[in-house]
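Heads up: the protein sequence lines correspond to chains A and B, in order.
Under the numbering used here, residue 268 is the last one in the first sequence; the count climbs by one each step, no gaps.
Under the numbering used here, residue 492 is the last one in the second sequence; the count climbs by one each step, no gaps.
I should point out that these hints are in silico values taken from the structure, not numbers from a laboratory.
We put the beta carbon where it would ideally sit given N, CA and C, even for glycine.
Heads up, some of the hints might be wrong.
[Unchecked claim] Below, a list of computed lysine to aspartate or glutamate pairs in the EDC-like style, where the Cα atoms sit at most 20 Å apart:
id	chain 1	residue 1	chain 2	residue 2
1	A	Lys100	B	Asp397
2	A	Lys96	B	Asp96
3	B	Lys488	A	Glu122
4	A	Lys133	B	Asp428
5	B	Lys400	A	Glu245
6	B	Lys318	A	Asp25
7	A	Lys100	B	Glu389
8	A	Lys259	A	Glu245
[Unchecked claim] For the chain A half of the interface with chain B, some residues (derived, Cβ under 8 Å), not all of them:
id	residue
9	Tyr37
10	Phe40
11	Pro116
12	Leu126
13	Gly161
14	Pro195
15	Ile198
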Amino acid sequence: MTEMNIEHGIDRKIDRSHMKVSESDIAIQISGMNKWYGTFHVLRDIDLTVMRGERIVIAGPSGSGKSTLIRCINRLEEHQAGQIVVDGTELTSDLKNIDKVRSEVGMVFQHFNLFPHLTIMENLTLAPIWVRKVPKREAEETAMYFLEKVKIPEQAHKYPGQLSGGQQQRVAIARSLCMKPRIMLFDEPTSALDPEMIKEVLDTMIQLAEEGMTMLCVTHEMGFAQAVANRVIFMDQGQIVEQNEPKEFFNNPKNERTKLFLSQILGH
Amino acid sequence: MNNQVSYVRTQMLAQQPPPGREMGAVKWMRENLFAGPINSALTILGAAAVVWLIASAWPWLAASVWNASTLSECREIIAASWGEGHHGACWAVIKDRWQQYAFGFYPSDLYWRAILALGLLFFALTPVLFAANRRVANRVMGVVSLVVLAFVTVAEFRLIDPADAAAHSIWAAILTVTLVLAVLWAVHIFAPSKLIWFTAIYPGLGFWLLWGGSVWLPVVALAGFVIGWLAFRAAQPFGGPAQLVAMLLVPVLWWIYGAGVAADVLNRIIPFSIEAVGSDKFGGFVLAITIGVAGIALSLPFGIVLALGRQSNMFLVKALSVCFIEFIRGVPLITLLFTASLLLNYFLPPGTNFDIILRVIIMVTLFAAAYIAEVIRGGLAALPRGQYEAADALGLDYWKAQRLIILPQALKISIPGIVSTFIGMFKDTTLVVFVGLLDPLKGITDIVRASTDWKGIYWEPYIFVAAIFFIFNFSMSRYAMYLERKLKTDHR
Ligand SMILES: Nc1ncnc2c1ncn2[C@@H]1O[C@H](COP(=O)(O)OP(=O)(O)O)[C@@H](O)[C@H]1O
Ligand SMILES: [Mg+2]
């Protein structure tokens, strides 16, 4: 086990690539996973192992199954074949396992999905209070800690509708962090944002990466991928087509589809 | 220098007021009343219609008579004051008979119980309706307390029929009412959050005040809800739908088979009862409000359950909900009321004496619940899928997600539809006249018009009843608007 900062639930160590691989170092293990929407084979034979503290960026054309893949990891979508083991817990139809995994995995959505009828503070404390059974005072302290971390403590008593897109997305990140997750999933967190707000959200994510959070990010921000990812995965037509460390991935893509994709998004 | 491309502004322009014809009353009239030939014509036509209506009703209203004891006396007064052949309004009928409109044949020495029951309803509702607004809650409770005390005093000193007065103590009644109100105020002031317990017991208390009898009947009836909650908890290992079924089925079984026996036994051990009032004595607005309030209070939770059932993934739960909703919406309320009065007895265990008003309440509840379920389904459908996903991703289970995230938003969206259903239901309580109950609109009015004193009166009673219904329904509508404004947090 790595040393944990118990109070804030964040793994402090950043680089563990030199350490010996053992069971407890694996955060997510996906093997032979397949998924269909009706008859449409959306994910095909996915094999993916994510180590603790690893930062993975998933890229690929629209409709290639990136969202579906990461949504399978916290069971927002159900897979039909193969195995997904998150933090030692296999995802089956067993509700207990699903709850366990969901409480360890945080997720940030493209459209934030904040709860519009609750204040920012209530958004942040709701799950800790009702799921983790944390006393209200303590939950509010934790919430303030993370709001400061994402640099908007002064908005605590506003409603989501009063915040800008970038602020809302940072609140959404803070909301996930309040549950003290061991793994964070991001599904295109910046693609619904105006250009001037993208940076503030990426900065928050970079900060999180520096603290050693295990992260899976679906994003088209290739600058972010180059800066923080340990590994970039390229998906197309429901399959993992290529994966590599960022430098190699961008400078020396092997697969034709990868090359085409990179030329399209980096070409201008 | 004419076709110069580059340009740099050196001075920013200050804000200017809009031109005069774009402001104020003139602008409003031009835009809203006389925007074009058709609009202008409609405005003039509309104004003419209003003027005509007022002009034709005015002579009748102006010749209002408030003091007369029979219709013929009233007509004589009109003829004497405004001339032979002049038509006038005989409001004297309301002054003479308002008691009957309000209470039906409820014993006059027990009016105070009915008044108190209605007054306490507002105390029970304040923690729910004005939870976050103490100032409004204080005002509502203050007004209600004063009105209740005033009405009880009037009822005790002026309205008691000598035939009922034999063993009645005016001061005991007034003292009881004052004491109850005082206790509730004390709770409201010193432990406002505890007032919700009063809300919880109010259904039983209200029932007991209205019908009287042994205190144990409402107690065991209320216990049904506790039992339902326990069943809900006990079924937890079997998943959400099983919990739902347990929560609904167990209390119903308790009410049908267990409650009567339990009440009897308890009554034998500790007898405590007040004078009983039979359902045949209920009438007028006491009846309409009893049915309406009970129906509203019961149909909302039931409608929510039905709406969730209709959305369920479980085939059986979904199918049952859909069948129920479609069946109930597909038949006229009258059919259900006839069923309540005639057929329901066949389905119940023999020997059950099932009160007609309770039967009607059940039918009205089922009827409104089906509509409310559909209204709420609309609200649920309007929520983005992301709300469900965010709740799931945070690890909230089905019921917590529903209670904390989904329903608060879906209900908020559904407020206008829910209130429309409530208003419709309250007005539909007048249909109970067809199963022999004395609703204010036809039941009581027919009695009044059949009396020798007021034979031949026509408009006045209906206008009076309509006005009272309007006051109730308009208040509901205004409250809904207040609630919508208060809950508006999306700032769109
Ligand atoms: N709930 C669904 N039902 C049916 N098809 C879906 C559903 N969600 C996504 N799909 C399809 O699955 C494919 C992959 O979708 P998605 O994972 O969202 O792709 P990406 O995130 O890479 O753009 C797309 O073709 C999409 O149309
Ligand atoms: Mg996607």
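Tested hints:
1. A/Lys100 <-> B/Asp397: Distance ~11 Å between A/Lys100 and B/Asp397 Cα, so the pair holds.
2. A/Lys96 <-> B/Asp96: 69 Å, violated
3. B/Lys488 <-> A/Glu122: The hint holds at about 16 Å.
4. A/Lys133 <-> B/Asp428: Roughly 46 Å separates the two Cα atoms, so the pair is violated.
5. B/Lys400 <-> A/Glu245: Status violated; Cα separation ~42 Å.
6. B/Lys318 <-> A/Asp25: Violated, at about 44 Å.
7. A/Lys100 <-> B/Glu389: Status holds; Cα separation ~16 Å.
8. A/Lys259 <-> A/Glu245: 15 Å, holds
9. Tyr37: 15 Å, violated
10. Phe40: 19 Å, violated
11. Pro116: 5 Å, holds
12. Leu126: 6 Å, holds
13. Gly161: 4 Å, holds
14. Pro195: This hint is violated: A/Pro195 lies away from chain B, its Cβ roughly 23 Å from the closest one there, beyond 8 Å.
15. Ile198: 20 Å, violated
Checked against the numbered hints given earlier, the structure breaks hints 2, 4, 5, 6, 9, 10, 14, 15 and satisfies all the rest.
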